[in-house]
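Residue numbers (numbering that gives the first Met the number 0), protein chains in the order written: chain U, 0 to 143; chain W, 0 to 315.
Check the hints yourself; a few may be wrong.
[Unchecked claim] Derived EDC-like pairs (lysine to aspartate or glutamate); straight-line CA-CA distance at most 16 Å: (1) U:K48 with W:D241; (2) U:K48 with W:D226; (3) U:K137 with W:D238; (4) W:K132 with W:D52; (5) U:K138 with W:E227; (6) W:K275 with W:E187; (7) U:K83 with W:D309; (8) U:K83 with W:E286; (9) W:K315 with U:E117; (10) W:K306 with U:D70; (11) W:K92 with W:D297; (12) U:K138 with W:D238; (13) W:K275 with W:E200; (14) U:K48 with W:D309.
To be clear, the hints were calculated from the coordinates, so they are not data collected in a lab.
Here is what each chain is made of, one letter per residue.
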Amino acid sequence: MSEWEPKIVAFLCNWCSYGAADLAGVSRLQYPANIRIIRVPCSGRVNPKFILAAFRSGADGVWVSGCHPGDCHYIEGNLYARRKFALLNSQLEYTGIVEPGRLHFSWISSAEATKFAEVARGVIDAVKAAGPARHFIKKQAEVA
Amino acid sequence: MREYTERIREAAKRLLSEQRVDTVIGFRRGTVPFMNEPFLVKSVDQVDQLYWDSNCGINLANYLPKRTDRVAVVAKGCDSRNIVVHLLENQIKRDQLYILGAPCRGMVDKRRMMADLKGKEPLHAEENGKEIKVSGRGFQVTFDRQTYLQSNCAICTHRNPVVYDELLGDPVEEQQGVDRYPDVRRIEAMSVDERWRYFQELIAPCIRCYACRNACPLCYCPTCFVDESRPQWVGKTIDPTDTLTFHFLRAYHVAGRCTDCGSCERACPVGIEVRKFTKKLEKEVKELYGYEAGVTPDQRPPLDTFKPGDPEPFIK
Ligand code: SF4
Ligand code: SF4
Numbered sequence: 000m001s002e003w004e005p006k007i008v009a010f011l012c013n014w015c016s017y018g019a020a021d022l023a024g025v026s027r028l029q030y031p032a033n034i035r036i037i038r039v040p041c042s043g044r045v046n047p048k049f050i051l052a053a054f055r056s057g058a059d060g061v062w063v064s065g066c067h068p069g070d071c072h073y074i075e076g077n078l079y080a081r082r083k084f085a086l087l088n089s090q091l092e093y094t095g096i097v098e099p100g101r102l103h104f105s106w107i108s109s110a111e112a113t114k115f116a117e118v119a120r121g122v123i124d125a126v127k128a129a130g131p132a133r134h135f136i137k138k139q140a141e142v143a
Numbered sequence: 000m001r002e003y004t005e006r007i008r009e010a011a012k013r014l015l016s017e018q019r020v021d022t023v024i025g026f027r028r029g030t031v032p033f034m035n036e037p038f039l040v041k042s043v044d045q046v047d048q049l050y051w052d053s054n055c056g057i058n059l060a061n062y063l064p065k066r067t068d069r070v071a072v073v074a075k076g077c078d079s080r081n082i083v084v085h086l087l088e089n090q091i092k093r094d095q096l097y098i099l100g101a102p103c104r105g106m107v108d109k110r111r112m113m114a115d116l117k118g119k120e121p122l123h124a125e126e127n128g129k130e131i132k133v134s135g136r137g138f139q140v141t142f143d144r145q146t147y148l149q150s151n152c153a154i155c156t157h158r159n160p161v162v163y164d165e166l167l168g169d170p171v172e173e174q175q176g177v178d179r180y181p182d183v184r185r186i187e188a189m190s191v192d193e194r195w196r197y198f199q200e201l202i203a204p205c206i207r208c209y210a211c212r213n214a215c216p217l218c219y220c221p222t223c224f225v226d227e228s229r230p231q232w233v234g235k236t237i238d239p240t241d242t243l244t245f246h247f248l249r250a251y252h253v254a255g256r257c258t259d260c261g262s263c264e265r266a267c268p269v270g271i272e273v274r275k276f277t278k279k280l281e282k283e284v285k286e287l288y289g290y291e292a293g294v295t296p297d298q299r300p301p302l303d304t305f306k307p308g309d310p311e312p313f314i315k
């Protein structure tokens, strides 16, 4: 079997980080292909349930990225999200569901293609260092 | 605290006969010792069933959301804080409420007394200030009230009601210099694998009866996340992952709102210390946003607001 490659679910805000991913592509910036992007209307739309669901279904890492504070398309969605994520992040580590290095948050504007590629590489390296997910995975029924 | 009984009955009689309120929410004696039950009084002739002692740990704020009548409610320190939370979250209007504030000396933990009775069945319990005299067939024991306080009451720092229309007794002295988080710090100091195992073991006996949720005054959503089916974010099985998802999200939902009244733990039929989940969030909210739930009637709950400079060390 080939070397293990992590699966990482990325929730990207349509108005910034998703655009940055697009621009990174158009600009031919390279980063490994471990990231599965899910486009959301705002980082504030990312319900903690989504993140838990990603881990439960076997994601090795989750990355949430939105607009810089002050730049939210909906004025303040990311500012509410920031408080939500702060508590979520610490509680996930506290309960041992998520080991350090698996869950990532960033602010990336639609012009920051270079930052996008850099953070993507950083996220992938950190998740690789954390290794394959082992705690919070729901066993799926065996289907013949 | 027995002396409140008379005061509650007197106030209930007065409020109902003067038609100030339609309902009075208090407690009456349960059918077995240590188990008083919430009691909704609608007419003066039921008033004499109202009762108060150290077994009134259930949070009566749980009976308030979306009521349309005028209610009087007996409120300990914690209940009053949950009333404040309800007011902030528009679950009831202040002018519908008549709050009978009960300065509190803590409620007792039935489970620990039962454990120390070692299988003997208590048939009668009577308390006088510091002691609880328990008797049954062929035995009599005296418990020291303070020793058997619920674990949340032992570390409570808001025993006096924060809102009320009248007090049932003189304010009590608040406990000073309480360390609220020794258990949280002990868990924080563990390695991530130890923490994982700790919480797995903690919830292993859970039967997903949702008594902890139902006892919680904050859980008033018309459709709880555990009941959602399309999409179904929380699996309905007792697979450990599903159970942990439930506990994680339940605690997260009450972040910045939980007053540590202990109702969840008290309600759990298998004795799971579910406050182990909520206390960490309480500590974080205090450290990050300087907020204590239900203490300030004019400040929005922490997840319902933000500051431009909120801490974000975890964000790249
Ligand atoms: S938490 Fe405080 S106010 Fe509530 S029952 Fe315990 S001691 Fe009383
Ligand atoms: S009350 Fe206890 S057994 Fe029931 S769902 Fe809550 S923790 Fe589980």
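Structure-based check of each hint:
no.	hint	in the structure
1	U:K48 with W:D241	holds (12 Å)
2	U:K48 with W:D226	holds (14 Å)
3	U:K137 with W:D238	holds (8 Å)
4	W:K132 with W:D52	holds (13 Å)
5	U:K138 with W:E227	violated (21 Å)
6	W:K275 with W:E187	holds (11 Å)
7	U:K83 with W:D309	holds (11 Å)
8	U:K83 with W:E286	holds (15 Å)
9	W:K315 with U:E117	holds (11 Å)
10	W:K306 with U:D70	holds (15 Å)
11	W:K92 with W:D297	holds (14 Å)
12	U:K138 with W:D238	holds (8 Å)
13	W:K275 with W:E200	holds (12 Å)
14	U:K48 with W:D309	violated (23 Å)
Checked against the numbered hints given earlier, the structure breaks hints 5, 14 and satisfies all the rest.
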